[in-house]
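Read off the chains here:
There are 4 protein chains.
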Amino acid sequence: MRREIGVAVIGTGFMGKAHALAYKAVPNAFPDSWKPRLVAVADVSEVGARQAAEQFGFERATTDWRTLLDDPEVQVVSITTPCSLHRDMALAAIAAGKHVHCEKPIAASSSDAYDMMKAAEAARVVTQVGYNYIKNPILKLARGMIQSGELGDITSFRGVHAEDYMADPDIPYSWRTDPQNGAGALAEIGNHIVSLSRFLLGPITQINAQLETVNKTRPVAQGSSERREVKVDDIARLMVTFERGCSGSMEANWAATGRKMQLEFEVFGTKGSLFFSQERFNELQYFKASNDPRTSGFARIEAGPAHPPYENFTVAGGHQLGFNDLKTIEMAEFLSAIEHGTPAFPDFREAWEIQRIVDAAIQSSAEERRIAL
Amino acid sequence: MRREIGVAVIGTGFMGKAHALAYKAVPNAFPDSWKPRLVAVADVSEVGARQAAEQFGFERATTDWRTLLDDPEVQVVSITTPCSLHRDMALAAIAAGKHVHCEKPIAASSSDAYDMMKAAEAARVVTQVGYNYIKNPILKLARGMIQSGELGDITSFRGVHAEDYMADPDIPYSWRTDPQNGAGALAEIGNHIVSLSRFLLGPITQINAQLETVNKTRPVAQGSSERREVKVDDIARLMVTFERGCSGSMEANWAATGRKMQLEFEVFGTKGSLFFSQERFNELQYFKASNDPRTSGFARIEAGPAHPPYENFTVAGGHQLGFNDLKTIEMAEFLSAIEHGTPAFPDFREAWEIQRIVDAAIQSSAEERRIAL
Amino acid sequence: MRREIGVAVIGTGFMGKAHALAYKAVPNAFPDSWKPRLVAVADVSEVGARQAAEQFGFERATTDWRTLLDDPEVQVVSITTPCSLHRDMALAAIAAGKHVHCEKPIAASSSDAYDMMKAAEAARVVTQVGYNYIKNPILKLARGMIQSGELGDITSFRGVHAEDYMADPDIPYSWRTDPQNGAGALAEIGNHIVSLSRFLLGPITQINAQLETVNKTRPVAQGSSERREVKVDDIARLMVTFERGCSGSMEANWAATGRKMQLEFEVFGTKGSLFFSQERFNELQYFKASNDPRTSGFARIEAGPAHPPYENFTVAGGHQLGFNDLKTIEMAEFLSAIEHGTPAFPDFREAWEIQRIVDAAIQSSAEERRIAL
Amino acid sequence: MRREIGVAVIGTGFMGKAHALAYKAVPNAFPDSWKPRLVAVADVSEVGARQAAEQFGFERATTDWRTLLDDPEVQVVSITTPCSLHRDMALAAIAAGKHVHCEKPIAASSSDAYDMMKAAEAARVVTQVGYNYIKNPILKLARGMIQSGELGDITSFRGVHAEDYMADPDIPYSWRTDPQNGAGALAEIGNHIVSLSRFLLGPITQINAQLETVNKTRPVAQGSSERREVKVDDIARLMVTFERGCSGSMEANWAATGRKMQLEFEVFGTKGSLFFSQERFNELQYFKASNDPRTSGFARIEAGPAHPPYENFTVAGGHQLGFNDLKTIEMAEFLSAIEHGTPAFPDFREAWEIQRIVDAAIQSSAEERRIAL
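Protein chains in written order, with full-length UniProt numbering: chain F, 1 to 373; chain C, 1 to 373; chain A, 1 to 373; chain V, 1 to 373.
If you're looking for bench data, these hints aren't it; they were derived computationally from the structure. Keep in mind that this is a model prediction, so the values were computed, not measured. There's no promise every hint is true.
Identical copies go unnamed one by one, so any copy, or any two together, can satisfy a pair.
As the list claims (entries may be wrong) - Here are the simulated DSS-like pairs of lysine-lysine, each with C-alpha atoms no more than 25 angstroms apart in a straight line: (1) K288 with K140; (2) K216 with K271; (3) K288 with K271; (4) K260 with K271; (5) K288 with K118; (6) K231 with K260.
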């Protein structure tokens with residue numbers, strides 16, 4: 001019988017629930033995985049903690065996350081609280097010898113991320129950060145095609161992550177717009193496209209960025225006529241150079257009216273090209289340069305059993321994975337790394353690298369110059 | 001605390017696993033639902049039963065499905081075995097007072113389906129059949145738009161369900177191609193588009209169909225040079241009239257090279273039109289006739305919180321549901337019907353109606369005439 | 001220097017203008033073609049004839065089309081008048097020894113079409129009928145792929161031509177809705193998809209059709225409250241068998257709210273499949289069955305120099321042809337047939353075959369039975 | 001009767017032919033326009049000049065373009081020669097009092113463009129430059145929506161022009177890669193997206209650019225093993241600020257494997273957003289922010305009679321314009337400006353502005369800093 005592994009989750013919001021749900025789904029889709037046992041859940045709200053415990057079957061609920069760390073039944077801690085709390089929670093969990101999964105962004109600054117990474121590596125615990133979109137089987141295909149040389153030499157990358165949830169200027173000031181929180185479009189969603197670009201193409205060595213605040217003030221509270229100045233970016237544009245030699249651009253935009261999930265990229269190589277959009281994330285568009293010009297064109301590859309671990313969810317092509325399935329893959333890979341004593345990906349080091357890029361972009365924009373990493 | 005309800009699943013193939021997985025996911029997405037307790041699983045293969053029990057956490061496994069019916073802990077039975085076994089299993093389960101979920105097609109003929117429906121209605125148990133695609137939130141939107149008159153009078157329907165898993169003529173003869181089994185493209189996948197057309201537009205009163213066998217022989221076994229005549233359809237085409245007054249067409253095709261999940265429809269009304277494809281099932285295309293011609297066009301609606309119960313899975317638009325989420329909605333609705341003593345949908349009566357249409361289409365094709373229902 | 005050939009056009013409406021424009025464009029795109037000399041234009045309206053002459057440079061204008069036939073300078077006559085006039089005009093032109101291009105539908109009935117075909121063949125003049133969509137370079141590619149066996153054995157065809165210009169029930173009764181005129185959705189636009197299916201797959205041997213009148217009455221004039229019964233079809237659905245062995249379906253619908261040019265088909269073969277829509281007529285979707293499942297998918301082929309005679313219009317791929325360019329190809333091919341003494345396509349015989357299918361569909365619908373051709 | 005206007009064309013390549021063809025098509029589509037009389041064509045090749053004369057009907061052909069300028073019958077000169085020749089030809093034509101249409105890019109540098117603009121404005125001749133894509137009726141709609149406030153305040157622009165005709169590293173060194181020629185991806189195709197951004201959003205005030213040479217050497221001739229260093233850009237990326245207050249990004253890439261005509265933009269406003277791709281240039285995607293979230297989405301607007309001057313080409317929606325039709329609109333607007341004594345657009349001043357942006361981008365990249373305009 002599969003071994004159990006004790007899990008605690010801190011936070012019960014959007015991502016807290018997504019973690020609980022994903023841990024529960026792991027054994028169904030990955031029967032050979034260690035089986036998560038939902039030992040405890042913590043939330044500042046007692047009601048929130050109790051409800052989550054009942055909904056997902058945690059054995060106990062608490063308002064004091066520190067108690068989780070003393071619990072010998074807990075081997076894994078998921079941190080899904082606001083970004084500003086990640087550092088202290090992660091350091092405490094690491095000190096207690098727990099493996100730590102932390103939601104993105106890992107921290108409000110790369111120095112915080114650095115401390116977390118160093119502590120984790122010293123303690124030799126397994127860490128992972130919630131860049132869930134790269135868990136997509138069709139993006140594993142994309143990465144494989146790049147790494148195997150199937151696309152030839154990569155010549156260019158163009159990426160974007162645009163949504164519209166902050167487009168309305170009357171959305172109030174909040175933690176989302178508080179610079180102490182690692183806030184802004186780049187820090188909050190732009191790191192997804194940064195993460196994706198690194199997943200596909202590897203390290204970035206130079207950044208030239210411009211950040212912009214479109215909605216320069218916001219109400220201090222819902223409906224209030226008093227407004228407060230916003231200092232974080234609504235839009236960030238980056239021109240980057242990759243260590244492998246090619247260059248590219250990225251954009252983060254949370255004021256992109258009409259866009260709900262425009263996490264897109266296009267990557268061009270000498271032998272082929274790819275286009276992907278999270279709006280249709282069970283598809284990958286692939287142009288193969290050597291095909292007959294008479295019949296060549298971008299082919300719409302549909303996710304299916306040829307793209308592991310799609311088949312863990314459904315045996316037939318064309319059935320499609322959903323967002324929660326990506327989260328399940330993420331947790332299964334995390335648990336697998338713990339089981340096999342191998343690094344997980346993206347771990348705290350990778351998240352630190354992403355955070356460094358965010359920081360460098362902010363610096364580049366402020367200082368109006370290119371920043372080398 | 002939520003009440004538990006004991007569930008047994010018969011069969012551990014593609015759909016057996018999908019049921020188990022969906023029952024397990026219900027409480028996560030629908031916290032107010034009764035909570036399924038996975039009491040038992042049955043399979044002809046002892047190994048298969050045991051493995052499924054371990055993977056999904058059934059309390060016991062058996063090779064004798066009849067023992068499930070004597071178990072007072074079991075209130076719900078899911079039948080996911082080959083179609084030819086549905087009738088006997090369902091009648092026994094009903095006789096034992098169980099609520100029954102049966103995979104589609106409900107039976108190999110409408111007379112079998114009739115017996116099942118009559119027994120279930122007499123016993124007043126809740127029944128449901130696995131037409132999972134209509135559980136899609138975006139299709140609930142489509143149905144709502146039709147029922148509310150938002151599209152005006154419906155003038156035309158065009159539907160298709162095409163896949164390519166039987167396109168290769170060297171796929172061997174099997175239960176899929178055995179007429180005793182309610183086999184053929186129409187019976188196996190065409191009933192999905194029939195189900196969808198009825199979900200949207202209501203009863204069908206006339207059918208004019210032509211069925212065709214493209215691959216007229218198949219090997220008796222994988223790699224065998226001996227071939228056996230195939231009598232079931234690879235392609236079925238239907239022209240139908242709906243009771244509401246409009247007409248339409250449907251096609252089933254399991255030899256449609258390149259298509260993995262082309263379950264599509266287009267419905268035209270005097271005030272608007274819709275297009276949908278399961279290939280991109282988190283989207284619905286909507287043309288509103290009254291819009292300014294200068295800026296009107298088919299709008300690509302993305303599934304989101306405005307389309308219940310999407311929000312039960314993820315609170316943000318654009319994140320997308322997967323196939324297994326549709327199955328979870330299906331099971332949640334089934335359990336809700338049991339809890340509230342209301343009919344589930346699509347129940348055995350609805351499945352019988354679908355089966356009657358399949359039978360009538362076969363008859364129409366054979367007798368070369370239109371059949372009134 | 002290229003030889004000139006004298007052209008006369010009868011009718012100056014949408015298609016009269018399109019013919020004039022196309023004849024003028026031929027030498028630009030096809031410099032080796034005989035050069036059309038616009039000798040004369042005829043219209044019932046004197047103003048209309050004179051304006052067209054001035055706009056397009058016809059040497060003379062007339063209200064009496066018969067005078068064109070006596071003119072020795074005129075070698076080619078284009079007939080673009082309402083369908084009910086085609087027969088007499090064509091027979092007179094043929095009797096005068098002219099080559100005849102006639103707009104579609106060729107006639108109001110297949111018997112009229114038959115007379116025209118017989119006369120033309122006896123007189124050995126070159127004829128062509130305006131099924132312009134099949135002149136598309138990307139459809140020549142499609143046909144070539146089918147004929148060369150690149151798609152393997154063809155197993156299925158699905159076609160539609162849907163528009164919405166007659167969707168509004170308050171569009172008045174007119175020649176479009178007058179059965180004497182070969183009217184109805186099938187006769188007016190459905191013949192395009194019939195033409196296309198024959199272009200790709202060859203003769204049709206059996207038809208099972210249902211025609212339907214959605215808007216059962218229409219005002220006798222714009223804004224009138226008096227309404228007149230409509231007897232022609234708004235929607236026609238056909239199930240057909242092709243001589244080559246495969247079968248298919250077609251739909252014509254001129255009440256398809258939101259659709260402006262949904263002339264679409266999907267053709268499935270054992271080695272590959274194609275999808276095409278006139279809505280994006282510079283593209284062809286191609287699935288190649290033998291590709292690696294990991295990277296296979298429908299490829300979006302963009303029209304370019306690899307698809308003759310695209311290059312006659314622009315030397316670079318991706319630039320795209322417009323509707324008028326299709327018409328120019330049509331006229332160039334007509335003139336080339338005259339020059340080389342070869343049959344043009346689609347000629348009166350082909351148009352008669354199309355008309356027979358329309359007639360057979362009407363009969364099939366009325367008699368509620370399959371009709372063999 | 002319409003007045004004639006004498007036209008001469010210099011150059012008979014891709015664009016020389018496109019001009020001739022467009023001039024000839026103007027009277028067909030724009031019957032109220034002055035009618036171009038094709039007086040003369042010049043080409044360095046005598047054969048080329050003579051063939052073009054015959055194909056398009058120029059009255060005379062010459063190898064000496066200067067002779068055109070002495071011809072009193074010539075009122076309009078089209079310059080379609082390589083970019084490095086534009087300046088001298090244009091200045092001579094202007095000195096001779098001719099109206100001048102010049103292909104893009106207007107010149108190899110903004111200082112050359114400046115001289116041309118100054119001369120033209122002093123001589124009060126009408127000028128136009130061949131940024132043909134902005135002549136698209138659907139882009140006139142886009143511009144109108146922005147100017148009328150229909151999209152609210154514009155917050156962001158993202159544009160690209162990517163093709164693959166220089167992707168192959170073995171394409172020889174040529175005038176395309178010679179910096180004396182205003183060469184490089186930015187100068188050759190990037191100016192289209194610059195032109196389009198200005199057409200939609202107005203002046204650009206700041207540029208931050210990075211240019212990159214992907215193929216660092218090329219053969220000195222086809223098949224040669226000797227290679228020469230390339231100094232012009234294969235890829236250019238720009239971050240820009242518009243005078244109206246919003247910012248944006250642009251990319252030019254002529255090594256984008258698989259892309260034939262990816263001239264795309266996305267523009268976001270507070271009340272709506274647009275997406276456009278030249279790959280499907282008869283469509284515009286429009287999201288209207290105020291629509292009901294339940295049914296809102298990007299609407300695919302198809303070009304039709306509601307979008308002038310579409311109707312000049314075909315009276316029915318969905319029929320689509322081709323590339324040559326855009327060129328015809330361009331020439332009709334040029335002739336209309338001459339007739340009415342109004343400025344044409346884009347004129348030499350506009351082209352100079354575009355060229356300044358190209359120059360500033362090159363400078364920004366070289367000096368690694370933002371450049372104010």
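Which numbered conditions among the earlier hints are violated in the structure presented, ordered from lowest to highest? Hint 5 alone not satisfied by this model.
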